[in-house]
Structure formats: C-alpha cells, structure tokens
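**Student:** Sequence:
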Amino acid sequence: MHAIKQLFLLTKRITKQNLTNADTLVTVVAMPVFMLLFFVYVLGGNIVTASGASAQSYLRYALPGFLLLTGAMGSAYTAMRINNDQTSGFLNRLHSLPIQRWVILGSHVLASVFFMLLAELMVFLVGLLMGFRPHTDLAAGLGFIGLSVLFALAITLLAIPFSLKAQNYASAGGFSYILLILLFVSSALMPTTGMARPVQWFAEHQPMTPIVNAARKLLDSGAVVHASVVQQAMVWLVAGSVLFAVLSYVTYQRVYVRR
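Just so you know, we're using this note's numbering here: the sequence shown kicks off at 1 and counts up by one.
In case anyone wonders, no lab produced these hints; they're calculated from the structure.
Beta carbons: idealized from backbone N, C-alpha and C, even for Gly.
Every clue listed holds true.
Each computed BS3-like pair below joins lysine-lysine, with the alpha-carbon atoms no more than 27 angstroms apart:
(1) Lys165 with Lys16
(2) Lys5 with Lys16
(3) Lys12 with Lys165
FRET-style restraints, in silico, Cβ to Cβ:
(4) Phe90 with Leu129: 31 to 41 angstroms
(5) Leu43 with Arg13: 33 to 43 angstroms
(6) Asn168 with Phe8: 27 to 37 angstroms
(7) Ala22 with Ile181: 21 to 31 angstroms
(8) Ala22 with Gly106: 22 to 32 angstroms
(9) Met130 with Gly174: 27 to 37 angstroms
(10) Lys165 with Gly106: 18 to 28 angstroms
Build out the structure end to end from the sequences listed, making use of the hints.
**Tutor:** If you want it as structure tokens, here you go:
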C-alpha cells in the first residue's frame, strides 16, 4: 500500500510537469492539431482515399493516424523527463530513500501513458469539431482505447533505454524521430497505393501500417482494411511491449544496479 502511495505521488509530479510546461504542450498537443488542420484543409482535397478526394473524406481516413502521431511526439518528452531526473541526480536521491525500484520508473511509465492518452483525446475532440464522426460500436470503441494504451505503453518502454543512455537532456528524445518517420512512411497520413514501389513495400511491411490500419478499422467499421489487421497490430504491440520492457530492465540494471 505504501508503494502505491509513492507511485501516485511520483506520477502526479511528472504529470504536473507535463501539463505546466509550455514546450511540451506546444509539441505534443498544439503541433498535432496544427498538422491535422493543415493536412485536412490544405492537402486533404488532393489526396484520394477510399471515400474520394475531399477534406471530409481525408479527415475520416487520417484522424486515427494523427492520434498515433500525437503519442509518438509525446514519447520524446518521456525520454527527456527520465534523462533530466537522471542527470540532475534526482534518481540517485530516490534510490537512497526507502522506495522500491519499480516505483521509480513505473511512475514515469504511468505519467507518460496518461499524458499521451490525454493529448490524443484533445486531438480527437478537435477532429470531432472538424466533422469527424466515429462509425463503430462499443466493443470496437473499447478496442481502440485498448490499442491506444498499448501503443503508448510500447513507445514509453522504448523511450526508457534511450533516456538512460543519453548523455544529456537534448539528445534523449532523438529516438522519437524514428517513430515519426515510420508513421510518415506508412498508411497513417495517406494510402500506400500511390507510393513508389520500394517505399510502398517498406510501408506495407513495417509495424506502423497494421497498427494504424487497426486503429482506423476500430474507429470506422467501413474502413477498407484486411480482416486480420487488428490481430496483426496486437501482435506487434504486445511483442514490442515485452521486448522494450526487457531492454528497459536490462539497461536500468546496468546503469544503477551493477555499477
């Protein structure tokens, strides 16, 4: 019970940092909203989707991808917060206190997942104001929430090894560019059918495309995607979460336990 209270207090501290830092809010909330507005109202009418070429059809197609893009942008700040706690000596001070080790990184994981989901919710509300309407049922809606949680968890766990190994705050979030590139070169913002053949092959065989397509299918039952895409996405996310959790544990052990 005492560990749960410590977890709550440390999570509250990190969440407060996320919600009161202007740079974090601009990058993780305002920037995805701006990109959504730009892509829908400037480029959307020129991008042909299964529903045609119009701003509204593009919004219906692309919003799930923008929601995941929002989470990917937030992962950089997860890494930077952990690295800042490490380089400032805060983690060392916590280790000198009667606090279980899992609570320390667990608070960062909880705060990160919560903040990513909150940022996604803000972008989703903007999408609703722009005219997006989910075409789904309760089970699929809950499935989308579950997929969002798993995605946030996976990229948060991915952030931990980079944050612990980075030499400074500025370089800790560099890995997030890989996530952004994978999302841009996928079906997140436009169909893969019009891409150059090598790029299309890569887009269709990397993990972000089935994850985005699963999110799209769960929010829009009329989306034209393969029937097994949700299962594929879950396999990628669960496998990634397990792998990144192991890497995080090993890195943490090397940095703080075996030195």
